Amino acid sequence: MTDDYIKHKYAPILPQKDEWPVVKLSKHRKEFIKAVALAARNRIIALTGNNMEILREELETTLYREKLRIKQNPWLVDPEDDYEFWSKVKSAMVHLTSESNLSNKDKKTAYHNILHDITTRYAEEIASNFKHSHYKATRRLVTYGFSRLLNAARVKGFKSLFSTQYTLQDKIQIIGETEQLRDLASKGTVVMVPTHFSNLDSILIGWTISTLGMPPYIYGAGLNLFNIQIFSYFMNALGAYKVDRRKKNLPYIETLKTYSSEAIQFGCHSLFFPGGTRSRSGKIESKLKLGLLSTAVEAQRANYQKDLNDISGKIFIVPVTINYHFVLEAPSLIQEHLSITGQERFYQETDEFSDSLKIAKFLVKFFTKGSDISVSIGKAMDVLGNYVDKDGKSLDSHGRNIDTRDYFVSDGKISIDTQREDQYTIRLGNRIVEEFHKINRVFSSHLVAFTAFQIFKRQNRKLDLFSLLRLPEEDLVIPYAQFRAECERVLNRIKEIRAAGKVHIAPHLKQDLDGIIAHGLSNVGLYHSKRPLILNDNGDIITEDMNLLYFYHNRLDGYDLEKLF
Amino acid sequence: MILKNSSRSNKPVGVIGIGSFGTAIANMLAEKSQVIVYARKADVVEEINARHTAGGRDLHPRIEATSDIEYICQKCEILFPVVSSSGFREVMQQFAPFLHPYHILIHGTKGLSLLLPDGKTLETVDRIKRDNIATMSEVILNETVVVRVGCLAGPNLAKELSLKQPAATVIASKYNEVILEGQRLLRNDRFQVYGNQDIIGVELSGVLKNIIAIAAGALGGMGLGENAKGLLISRGMVELIYLGKALGGGTKSFIGLAGIGDLVATCSSKLSRNYTVGFRLANGEKLPDIIADMEEVAEGINTVKLIKTFAESTGMRAPITENLYKVLFENFKVEEALQYLMKYPFNVDVDFL
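Line by line, the protein sequences are chains A and B. Following this note's numbering, the numbering of the first sequence begins with 1 at its first residue and continues without gaps. Following this note's numbering, the numbering of the second sequence begins with 1 at its first residue and continues without gaps.
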């Protein structure tokens with residue numbers, strides 16, 4: 001992967017929308033939901049060791065929690081018959097326990113039927129509602145609307161209304177293994193795993209996928225987003241399925257995993273944010289949520305069980321990082337992070353994205369001012385984290401071919417061993433984290449934020465993190481000459497790491513040092529009311545918000561750069 | 001949940017390397033399975049196939065030998081590499097082209113491998129980090145595509161095993177499948193097999209205890225009694241746990257069979273090579289002479305060198321290892337080292353639990 005970016009127009013890989021897996025899936029929605037519900041039922045029965053008592057307990061816990069949820073935390077999107085459904089489940093359960101002349105076998109069947117009703121209901125709730133016409137309209141709206149804004153800001157005069165001089169690709173640069181991704185997406189099934197810093201990410205990734213000429217990916221979006229009707233429209237248009245974080249019971253979680261696994265087996269490209277949620281600290285995710293990731297491993301094994309041994313049954317994991325100068329939610333994210341790690345009892349939760357006016361303001365600012373975003377596409381890997389070649393074949397570190405099927409083989413045949421697959425998932429997670437750090441792209445703003453924070457830390461060596469963050473901003477000043485020298489040291493080290501292929505750098509880091517620092521200072525946390533880093537009247541470096549500086553500094557965590565200080 | 005196929009077809013089991021421990025393992029495996037042994041030298045292969053002995057030690061008649069790597073990898077799904085740590089990486093590199101992800105490797109080598117940038121040696125590099133040290137399972141993972149890796153560790157003195165005395169071992173692996181396979185192949189009415197998921201901890205137990213074994217040999221060689229040995233084993237344990245944790249192992253594994261169990265066995269037995277090294281040092285012999293007339297390597301010597309450098313690089317104190325290093329490589333007298341240790345201000349008995 002080079003550091004430079006090339007603006008490019010990509011032809012669609014599947015011009016006929018009927019060939020899109022996601023369209024096929026929505027055509028067979030009913031059958032698919034049925035299949036998921038049944039598979040989830042069987043999976044839960046297996047998980048409970050086919051033991052009726054354990055299953056009964058799980059069902060009772062589920063029932064209890066669901067009733068509690070309906071009472072204490074109802075949402076607009078909840079189906080109207082929610083209460084009714086669970087009441088029915090309750091009476092069925094009560095009936096079964098009191099029934100004494102049923103044979104154990106009949107009782108078991110009855111419990112299995114209740115379970116099946118529940119998984120069916122959940123599967124229907126989760127299933128996406130993709131509509132191609134909505135997708136097209138959304139895509140047009142996003143591309144058109146954004147490029148109008150962009151051109152209005154950069155091209156002067158009346159012509160700006162019609163100018164196509166600037167497109168979104170000038171604002172959002174896509175770099176990395178784009179051709180490989182397109183190629184593999186047309187032959188096998190892709191699971192894209194991006195870093196997650198901002199709520200904008202899903203829109204950004206959706207746009208990236210469409211710009212690269214790929215059919216839409218399905219992904220799990222929080223059900224809370226569907227509460228807002230306009231979001232609901234967009235999410236459905238993008239092929240999102242619904243994840244209800246209120247439901248933490250076993251049947252729900254297993255149905256959700258089954259849904260994801262079956263959709264991958266169906267050939268739908270999927271998108272997981274493997275961090276599970278936005279990175280609160282501003283660090284690149286280092287611990288991943290393995291639940292959804294495990295469904296990719298499972299789907300791969302299932303495909304081999306179905307004797308899909310060629311590339312059409314192969315699943316490719318593609319890490320992606322999104323690099324920003326500015327994260328809109330940074331102030332509340334870092335506040336939350338510090339409150340959690342600092343064990344403070346109360347904190348104010350404010351979500352910038354709750355307010356549509358704020359979103360609109362941000363978008364206008366974003367498109368009319370500087371501050372670019374880049375999306376780095378990493379090398380594709382198999383579900384064990386081995387790189388794959390252009391034909392999708394897995395390679396070991398010496399470039400020899402590996403048959404991924406062999407990872408699931410025991411005594412000559414494919415075997416199901418969930419403990420083994422859990423270990424594979426952990427391995428895959430570690431590989432993804434490693435790749436994140438490699439494809440991550442260092443911006444000038446990351447450099448200046450990192451350097452400044454480390455200098456402040458060194459100036460106050462005796463303080464722990466929380467005392468450091470609480471220092472009055474007036475006390476924190478770095479003379480420019482010192483700052484410049486330290487930036488140079490950090491930059492040189494970054495260049496060494498770059499030479500070893502363990503990180504990437506933005507082209508703007510190739511100018512002279514003063515230029516880089518100026519660029520960094522003008523971009524870091526650009527739109528915050530309190531800037532993390534600015535020059536004061538004496539030309540020295542000061543901060544207006546230490547927490548924000550810490551947030552942007554964290555982006556370069558994990559490269560051992562702090563050892564320079 | 002593990003769906004186990006109990007009727008794994010009766011494929012032969014492979015053993016790589018046929019030193020004393022390799023021989024003991026091969027013989028135990030052969031009680032239940034067909035065994036194929038890999039040996040590099042043609043005359044060793046010849047000796048095994050023609051006379052059922054290896055270096056004079058008897059081998060079960062069901063053991064076949066080969067020097068064909070492709071053949072053994074193709075015939076066996078489960079292989080036990082039992083070669084010295086200094087040759088381990090090379091052997092794995094030779095095997096790598098013929099190994100597949102369905103293979104299971106369970107090694108029995110109690111040593112470490114050093115991974116330095118090209119052109120550097122332990123003498124020319126000023127500091128080493130954890131990344132520069134690899135346990136044998138890490139070597140397997142680095143050099144081959146095998147992921148189902150396990151290790152065998154515990155008080156298993158080869159001579160006692162070959163006399164069919166009762167013993168036990170630990171098979172450690174992140175994969176239950178590997179532990180179960182190892183148990184199936186090795187367990188019998190005089191050999192108990194325990195499982196442990198902390199493979200790094202178990203490997204490190206086997207590796208680090210060799211340091212203490214050399215020290216124990218030195219005490220024995222000086223004619224000191226059981227009080228001194230008790231002192232050494234318990235202080236050695238503390239040092240072992242501190243070093244082991246720094247290298248990524250879990251405390252629980254160190255106080256298990258592979259840790260304390262093996263430590264007690266090797267610190268009391270003249271059958272142990274590492275113990276013998278210490279014993280002869282205390283009797284005034286020089287290290288090069290001792291190494292020259294030993295049949296097989298004492299892993300502890302290399303381990304002391306590596307761990308001493310590691311401890312220095314990370315700023316840890318490891319007094320037993322440091323002093324042993326001086327005795328082994330800097331012509332320190334055993335008595336001086338002992339004096340130093342007796343003056344060392346250990347004052348807390350147990351602070352790792």
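Simulated from the structure, these hints should not be mistaken for lab results. Some hints here could point you the wrong way.
[To be verified] Listed next, the in silico BS3-like pairs over lysine-lysine satisfying Cα-Cα at most 27 Å (straight line):
| id | chain 1 | residue 1 | chain 2 | residue 2 |
| --- | --- | --- | --- | --- |
| 1 | A | Lys413 | B | Lys32 |
| 2 | A | Lys248 | A | Lys90 |
| 3 | A | Lys438 | A | Lys563 |
| 4 | A | Lys67 | A | Lys247 |
| 5 | A | Lys563 | B | Lys120 |
| 6 | A | Lys9 | A | Lys283 |
| 7 | A | Lys131 | A | Lys24 |
| 8 | B | Lys75 | A | Lys413 |
| 9 | B | Lys245 | B | Lys164 |
| 10 | A | Lys563 | B | Lys32 |
| 11 | A | Lys495 | B | Lys120 |
| 12 | A | Lys495 | A | Lys171 |
| 13 | B | Lys252 | A | Lys287 |
| 14 | B | Lys129 | A | Lys502 |
| 15 | A | Lys287 | B | Lys286 |
| 16 | A | Lys306 | A | Lys171 |
| 17 | A | Lys379 | A | Lys9 |
| 18 | B | Lys75 | A | Lys438 |
| 19 | A | Lys289 | B | Lys120 |
| 20 | A | Lys283 | A | Lys379 |
| 21 | B | Lys129 | A | Lys283 |
| 22 | B | Lys120 | A | Lys438 |
| 23 | B | Lys229 | B | Lys343 |
| 24 | B | Lys32 | A | Lys502 |
| 25 | A | Lys287 | B | Lys245 |
| 26 | B | Lys129 | A | Lys495 |
| 27 | A | Lys248 | A | Lys67 |
| 28 | B | Lys120 | A | Lys393 |
| 29 | B | Lys11 | A | Lys413 |
| 30 | A | Lys24 | A | Lys34 |
| 31 | A | Lys563 | B | Lys129 |
[Claimed, not checked] Examples of chain B residues toward chain A, derived with CB under 8 Å:
| id | residue |
| --- | --- |
| 32 | Pro12 |
| 33 | Glu77 |
| 34 | Pro97 |
| 35 | His100 |
| 36 | Val145 |
| 37 | Val147 |
Keep in mind it's a predicted model, so treat the numbers as computed, not measured. The beta carbon of each residue, even a glycine, is placed where N, CA and C say it ideally should be.
Status of the hints after comparison with the structure:
no., hint, in the structure
1, Lys413/A with Lys32/B, "holds, 23 Å"
2, Lys248/A with Lys90/A, "holds, 19 Å"
3, Lys438/A with Lys563/A, "holds, 19 Å"
4, Lys67/A with Lys247/A, "holds, 11 Å"
5, Lys563/A with Lys120/B, "holds, 23 Å"
6, Lys9/A with Lys283/A, "violated, 32 Å"
7, Lys131/A with Lys24/A, "holds, 11 Å"
8, Lys75/B with Lys413/A, "holds, 16 Å"
9, Lys245/B with Lys164/B, "violated, 34 Å"
10, Lys563/A with Lys32/B, "violated, 55 Å"
11, Lys495/A with Lys120/B, "holds, 23 Å"
12, Lys495/A with Lys171/A, "holds, 25 Å"
13, Lys252/B with Lys287/A, "holds, 24 Å"
14, Lys129/B with Lys502/A, "holds, 18 Å"
15, Lys287/A with Lys286/B, "violated, 51 Å"
16, Lys306/A with Lys171/A, "violated, 44 Å"
17, Lys379/A with Lys9/A, "holds, 20 Å"
18, Lys75/B with Lys438/A, "violated, 39 Å"
19, Lys289/A with Lys120/B, "violated, 39 Å"
20, Lys283/A with Lys379/A, "holds, 21 Å"
21, Lys129/B with Lys283/A, "holds, 24 Å"
22, Lys120/B with Lys438/A, "holds, 26 Å"
23, Lys229/B with Lys343/B, "holds, 17 Å"
24, Lys32/B with Lys502/A, "violated, 49 Å"
25, Lys287/A with Lys245/B, "holds, 21 Å"
26, Lys129/B with Lys495/A, "holds, 22 Å"
27, Lys248/A with Lys67/A, "holds, 13 Å"
28, Lys120/B with Lys393/A, "violated, 35 Å"
29, Lys11/B with Lys413/A, "holds, 14 Å"
30, Lys24/A with Lys34/A, "holds, 15 Å"
31, Lys563/A with Lys129/B, "holds, 14 Å"
32, Pro12, "violated, 13 Å"
33, Glu77, "holds, 7 Å"
34, Pro97, "holds, 7 Å"
35, His100, "holds, 5 Å"
36, Val145, "holds, 5 Å"
37, Val147, "holds, 7 Å"
Going through the hint list in order, the structure does not satisfy hints 6, 9, 10, 15, 16, 18, 19, 24, 28, 32.
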